[in-house]
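Protein chains: 4
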Amino acid sequence: MELKSIKKIGVLTSGGDAPGMNAAIRAAVRAGFYYGLEMYGIYRGYEGMIQNDIKKLDSKNITHVLERGGTFLKSARSDEFRTKEGRKKAYDNLKSHGIDALVVIGGDGSLTGAHLFYQEYGIPAVGLPGTIDNDLSGTDSTIGFDTACNTAIEAIDKIRDTATSHDRLFFVEVMGRDAGFIAINAGIGSAAASILIPERKTPVETLVEKLKSRTKARKTSNIVIVAEGGKSGSAQEIADKVKKHLPYYDIKVTILGHLQRGGAPTSFDRLLASKLGVAAVEGLMQGKYDVMAGLINNKLVYTPIVKAVVGDKEVDEEDLRVANILST
Amino acid sequence: MELKSIKKIGVLTSGGDAPGMNAAIRAAVRAGFYYGLEMYGIYRGYEGMIQNDIKKLDSKNITHVLERGGTFLKSARSDEFRTKEGRKKAYDNLKSHGIDALVVIGGDGSLTGAHLFYQEYGIPAVGLPGTIDNDLSGTDSTIGFDTACNTAIEAIDKIRDTATSHDRLFFVEVMGRDAGFIAINAGIGSAAASILIPERKTPVETLVEKLKSRTKARKTSNIVIVAEGGKSGSAQEIADKVKKHLPYYDIKVTILGHLQRGGAPTSFDRLLASKLGVAAVEGLMQGKYDVMAGLINNKLVYTPIVKAVVGDKEVDEEDLRVANILST
Amino acid sequence: MELKSIKKIGVLTSGGDAPGMNAAIRAAVRAGFYYGLEMYGIYRGYEGMIQNDIKKLDSKNITHVLERGGTFLKSARSDEFRTKEGRKKAYDNLKSHGIDALVVIGGDGSLTGAHLFYQEYGIPAVGLPGTIDNDLSGTDSTIGFDTACNTAIEAIDKIRDTATSHDRLFFVEVMGRDAGFIAINAGIGSAAASILIPERKTPVETLVEKLKSRTKARKTSNIVIVAEGGKSGSAQEIADKVKKHLPYYDIKVTILGHLQRGGAPTSFDRLLASKLGVAAVEGLMQGKYDVMAGLINNKLVYTPIVKAVVGDKEVDEEDLRVANILST
Amino acid sequence: MELKSIKKIGVLTSGGDAPGMNAAIRAAVRAGFYYGLEMYGIYRGYEGMIQNDIKKLDSKNITHVLERGGTFLKSARSDEFRTKEGRKKAYDNLKSHGIDALVVIGGDGSLTGAHLFYQEYGIPAVGLPGTIDNDLSGTDSTIGFDTACNTAIEAIDKIRDTATSHDRLFFVEVMGRDAGFIAINAGIGSAAASILIPERKTPVETLVEKLKSRTKARKTSNIVIVAEGGKSGSAQEIADKVKKHLPYYDIKVTILGHLQRGGAPTSFDRLLASKLGVAAVEGLMQGKYDVMAGLINNKLVYTPIVKAVVGDKEVDEEDLRVANILST
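Protein chains in written order, with UniProt numbering: chain A, 1 to 328; chain B, 1 to 328; chain C, 1 to 328; chain D, 1 to 328.
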């Protein structure tokens, strides 16, 4: 066991930012201090690791960041880290600081990077699931997902005011390139007439039938939630198709876009990020390498990164069943 | 004077909905009750007037509506009201209910309708400025404008989290087809790098220069606010042009869209709507017809509708000057 | 099995209101319609059952209630329902409407009422956990708890602005008469210096030592979260005691109070309430009587009411451990 | 004229913090940079001036502060600044940094300090009205007032959920020691049954009569807003008195307290603070000393500090009249 060897941990965020990343950084750093470790911030993800944008963190760096969206360590894409040469530079920089382990917060690409790096250079890393998309296995919920769902429903609540005032049909596009998790939560939470997700193909005819039957039931306003990565097309494309079938309808499209990534994290995400941040450091201290820390059934679980990023997380059939009952 | 004749007042909302419309309806209805009048809700604007969708209101109808976005009287376009026949039907319906005056809450088109109707049929009407665009003269602020500005900055605050985390350039399109009021308030309120409004032409070169100079000053993230009706094109079009000049920049576009219309009204809009709702009824009782009630320098003013809708409200030069100083 | 017999279900809310109650009512009613049942609203809880304040619900009653705090069916205490005579009246009223089953949404007292009623009169009932306190067994989270935690942290985020600006010590009292769930979530989520909960006794000396050690670590502002039912006294009492030990400190007390009960439910509570509302009706149809529907590890579970209300739900030791690490 | 002499400006916040203070600091500092001046942050108000807690500010210090509540320059009471010796020390420190003018953001006490200091040492100062209480003359609205009103109505909206669900009477105490501005805005904005302000004495009997008459009109829930400095006593005291007259009523009291001071500033406060921050620096450059910058009827006005702090700002009679009509 190399447990004794870990004295300096580097923390980085990578990929799309997610609310709660700051809370996770803070928890990891604070846990490090609790156990007498030195903690380093690696700025702008792997790119900063290559550029040697690395600074020792003290207590002041993590004051009043818990409640802020985004990531104060910043995030960036790094094409260079995909090359052998890039990773060599990154490794050399870590060694120059004496950093002997990593906490990597991000989505599947970011965690895969940590895995590769561990394979090549033996730098122990614990990954944390930081993405609003909730598309990582090994945890019931990723850091940022709950906040994104709340941002979405708050926006849709506002759109509903207008939909209802004008008896309109709104198509609202939410984030989720490969996964319908936000769409399902936001759809059930906003009494959507229909929810279109990447995991299921919904023919336009089916959607049109549903909207017609709701009109008969005198539901005069309707909101349809579309996950951006849906197989049936973008919200605008689907709206255009529906318009042909329902020409008398006043149809509008709103794309929530990047505002779903930001904002103060919710209570749930703060708690999740706090627990996982501590778990990342404790995991490293216990020799748990090349894993992602997550909460499953509210229990801490370390899953090998290769399993976490495999992309087999499925939407809850029960959620879809309930969504259907409630929108009929 | 026909003051004694007013015993039954009809209230309607028309055009795009705006937060605070419900508060204005409530205030008018409650003021009517205070003065012993009968109050009628005309649903779905002029269309409902033609369709005779008119109901007597009681205290219960206006309970817990003050704080809600949208309009519980609903709003709709009415092509038929643009015809002589349509207006004749509308008049007959009003007479059948004995309604002898109107409170019309909406934007320039809605108020112009009230003016025409007064010219043709002598139905006294007081208009209230209900639109998020703030493009009516005769009032410093329209009902809904303050809420829309706050909705915009709250959304942009979230977008900034991502912009900062990734050192990105965001173009955010806000509402304002003919008027840059929301753009200016949201732009100053969100530390925008630049604000593009319909009233001013900003060459792409000027914008690019500004962004370059800010990059030199090491402002790594930038937000540009674009009013939807801007002469320089949509946010997406401008972004595309800027991208050609600054190809290395990571540029994103977000269109806030209809969520700016909804939401619980702010304190300011509740107070404004409450005062104007009372003023509408008191104005009618005092024989002030064919006018719009507004607040100028916090004093109640009745402006002839024809003057209010003329579209000559100008943006505050001082605001533009301050915006420039703060973004340099 | 009496499965076929259920044709009319009465829904009521009872006890302190909680955000998401409306979403749960809506889901139950909508599920009832889906299965072809008649649904009745029993207003003001058991009191309304005795007063025969019972109305058949249609689709319109549950439009736009999902996103609203409180309960449109209202809630009330009922001393009379504690008497045999009261319950007899209540039963007679149910029978007069032909109501043959109940969905009861509320806390332990409300569910116990449903249990008693089932024992005495055989009226099948499924209870739903509707309380911000999260003190019911048989579900990981009660409806309203997540919203209350978010309301608390949003308020504390604001208080922190002042605490930090003035280097002050704030005692913030949150709800939780017998349970520290809100206090723990809000405490971790707001980087509290200490969290005082009913389940643990924290001597003032321990608290004072912690505050002193934080001062040494130059954490100049501090927030202490106190659950209202804490054994160590109210927030004000504890503040007064601490003041004696730390007279130089500028100490303030804020009691969040009833605002924690209200507000639009969060995404989590909307989803939870929606799933449980459907589960209540489906449970009754499947002959699951005298039980509470809950979600444990995201799976639907029906727990006998007598077990759900026993009050043995424990705070998560891991949460307390993490809270301690993060505040040290 | 000493216009040329101003090259280094110190900025401080003093007294109770208010949302928008950061936006005002940022605007002043940015305007200073625009005009080529050096800008200094004086931390913890006059206390920091005495302790020489003064740092030169650069662009980075004011990045992402606009949208944050509180004041990053911090605020503190200073008993020592009330002494000749204290002010002498403060002056010496300013001179040691070469600071030749001040921007002072705060309430009446803070501005009076700037006035005294100018009288004694000739240090030019422009004050900015930074207080949620809106009790300064020379400006229609103080920085922070609009945000505080919005915070209050958002909290009261939540309390109303519970009030309505239980048919309760709530007394909500808002800030305002000498002034009823927040109470009036929050009261009208939340459909309060009655508003008790320091400027008017409301006998308990009058309040009880109003509540009785509303009960007759079947308004089953009621909210009474009480400004903390009301002549009729605290919210709790008034509630206790009312309880004696209306023993059957379920009465609750909530004190909003310090959460009214914090939070992200509203659009209005960001714009106001931005304009006044620029005006402070430009005023100093134009030789406007010993004045407070404010906006009256949306025009920039410099008022002698001695006039601004005199405490003669009156509540709007029209607001009170409207409040009465709407609550009857």
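Bear in mind the hints are in silico, worked out from the structure with no lab data behind them. Don't take every hint at face value.
Which copy is meant is left open, so a pair is good if it fits within one copy or across any two.
For lysine-lysine, the following DSS-like pairs were computed, each having C-alpha atoms within a straight-line distance of at most 30 Å [claimed, not checked]:
#1 Lys-299 with Lys-95
#2 Lys-252 with Lys-201
#3 Lys-55 with Lys-8
#4 Lys-241 with Lys-219
#5 Lys-299 with Lys-313
#6 Lys-231 with Lys-55
#7 Lys-231 with Lys-84
#8 Lys-252 with Lys-7
#9 Lys-56 with Lys-8
#10 Lys-307 with Lys-88
#11 Lys-212 with Lys-201
#12 Lys-7 with Lys-201
#13 Lys-95 with Lys-212
Each hint tested on the structure:
1. Lys-299 with Lys-95: Answer is neither: 34 Å inside a copy and 47 Å across each miss the 30 Å cutoff.
2. Lys-252 with Lys-201: Both: 22 Å inside a copy, 28 Å across copies.
3. Lys-55 with Lys-8: Within one copy only: 12 Å inside a chain, 32 Å across chains, cut-off 30 Å.
4. Lys-241 with Lys-219: Answer is within; shortest intra-copy Cα gap is 21 Å, inter-copy 43 Å.
5. Lys-299 with Lys-313: both (18 Å within a copy, 16 Å between copies)
6. Lys-231 with Lys-55: neither (44 Å within a copy, 44 Å between copies)
7. Lys-231 with Lys-84: neither (36 Å within a copy, 49 Å between copies)
8. Lys-252 with Lys-7: neither (56 Å within a copy, 40 Å between copies)
9. Lys-56 with Lys-8: within (9 Å within a copy, 33 Å between copies)
10. Lys-307 with Lys-88: Within. Shortest intra-copy distance 25 Å satisfies the 30 Å Cα cut-off; inter-copy 59 Å does not.
11. Lys-212 with Lys-201: within (19 Å within a copy, 45 Å between copies)
12. Lys-7 with Lys-201: Neither: 51 Å inside a chain and 35 Å across chains, both beyond 30 Å.
13. Lys-95 with Lys-212: neither (64 Å within a copy, 36 Å between copies)
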